[in-house]
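These are the residues of each chain, in order.
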Amino acid sequence: MRVNFTVNGRQQEADDVWEGESLLYVLRERMGLPGSKNACEQGECGSCTVRLDGVPVCACLVAAGQVEGREVLTVEGLADYAKHREDAHPGGGCASGACGTTLDAAKRRQSEPTDGRTGEAVELAPIQQAFIDAGAVQCGFCTPGLLVAADELLENTPSPSDQDIREALSGNLCRCTGYEKILDAVRLAAARQGEAVQS
Amino acid sequence: MDFLRPASWEEALAAKAEHPTAVPIAGGTDVMVEINFDHRRPEYLLDLNRIGELSEWEVGQESVRLGASVPYSSIMEHLRTELPGLALASHTVASPQIRNRGGVGGNLGTASPAGDAHPALLAADCEVEAESVRGTRLIPIDAFYTGVKRNALEPDELIRAVHIKKADGPQQYSKVGTRNAMVIAVCAFGIALHPGTRTVRTGIGSAAPTPVRAKEAEEFLNAALEEGGFWENGKIITPAIAKQFAALASGACNPIDDVRGTAKYRRHAVGIMARRTLGWTWEQYRGAGRTLEGAA
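Chains A and B supply the protein sequences, listed in that same order.
Mapped onto this note's numbering, the consecutive letters of the first sequence carry residue numbers 1 to 199.
Mapped onto this note's numbering, the consecutive letters of the second sequence carry residue numbers 200 to 495.
This is chain A alone, in the form it adopts within the complex:
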């Protein structure tokens, strides 16, 4: 079956999709977007977290056919999305995708390197930078899912309590057990976001 949907602001088409296939498989194996990780395949680890029409979900539990006509945001699109949010919707988001891709975003995208080492040349989302600065990345496997979940938290709850952070990230497992640094990173991103709004 064929599935048409939007990934990180770009219209995509996947052909010969098996009917029982997950969104995660389509993203990783058909679209070359391996940022969303495949681990438990039962919604327990959160490493495949993406946003579907703005809502954080486990991509492994969404059937590919269910995303027809819908918007998916993966960790690969997080920096552009965060930039667009800052430019066009300060203090909010456009997760429903109503905005589409702006000209600026399209230009930025063309200038991205294609060698896979995106972290070295591309501006990161504030939450990504905060993870690096706080030392919240160990083996890195859980990081993409945590970034997507944490970014959504800070979009909707700009000054989260520790309890808010723990709850928002409760569906993401880190087998390195680096949770304290991860909490630090989210607090850091929230604090920076607060400063940016004030200035």
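Certain hints may be false.
[Said to hold, decoys possible] Residues on chain A that point at chain B, a partial pick, calculated with CB under 7 Å:
1. Glu29
2. Met31
3. Leu33
4. Gln42
5. Gly43
6. Thr49
7. Pro56
8. Leu124
9. Ser170
10. Gly171
[Stated by the list, open to error] Derived list of chain B stretches under chain A, where covered just means 3 residues or more per stretch with a C-beta under 8 Å from a C-beta of chain A:
11. 244 to 251
12. 374 to 386
Since the hints were derived computationally from the structure, they do not count as laboratory data.
Note that the structure is predicted; figures quoted are calculated from it, not measured.
Positions of the beta carbon are idealized from the N, C-alpha and C atoms, including for glycine.
With chain A's structure known, arrange chain B on it following the hints.
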């Protein structure tokens, strides 16, 4: 495998009539796990995501008509006042990602004894709106669970909504697991006080082949509260009554030993949860100020 994508409820019913083996998929949090692990290869998947009305709810005079696909996160956010027990139960479902997709229709369709919504549904009292091309019927929740992962649905029927009685008194929910998130219940207990009818209803999860009510415990408590004039005088329920209620709730269990816990532990824990949740709801009823937040 075929992927059926009905754009309307009528189309979905027609598809289910034509292909009774079709497996409905909404949030996918049960169905996709089975497919990912090769436990199930349905001939047809019937996607219900395109049917917007399934994600809507209406608050009526007596009850809430909750669309089958309303995600748990919406129940927590919007229906805390009308459905406090179910809102508390929803909060214990897995993780935010799962609560954003899963809903009560899926819990009912799967009919696992460990489904988190069941004890709250049993305690609040509700009817399941099941529909096929042949017509609509309302199945009382007490008649819905028929066996381990079995329910009263006919092969051509789909769950459209659940009509849940609005809370007319305090409700509580308690669940035992090894951590605070991403946990299948070892066992769970729901309780709802119905001061209007001077009755108490309960629900037990994961401690019998199906979700069950602790009927003897309810009958005992109803009689004891009536006899002692507790509904009027609002006095603290005596420890003897609470203890007997807990013992009868334990007795309503018919659990098994499995990887999550032993039958003995489940019986014990259900008794403890029954006593505690009775205490919490009764304190709320007496107006002693214990709020819903943080009680689950």
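Against the structure, the hints come out as follows:
| no. | hint | result |
| --- | --- | --- |
| 1 | Glu29 | violated (14 Å) |
| 2 | Met31 | violated (19 Å) |
| 3 | Leu33 | violated (18 Å) |
| 4 | Gln42 | holds (4 Å) |
| 5 | Gly43 | holds (5 Å) |
| 6 | Thr49 | holds (6 Å) |
| 7 | Pro56 | holds (5 Å) |
| 8 | Leu124 | violated (23 Å) |
| 9 | Ser170 | holds (4 Å) |
| 10 | Gly171 | holds (2 Å) |
| 11 | 244 to 251 | holds (count 3) |
| 12 | 374 to 386 | holds (count 3) |
Violated hints for the displayed structure, listed by number in ascending order: 1, 2, 3 and 8.
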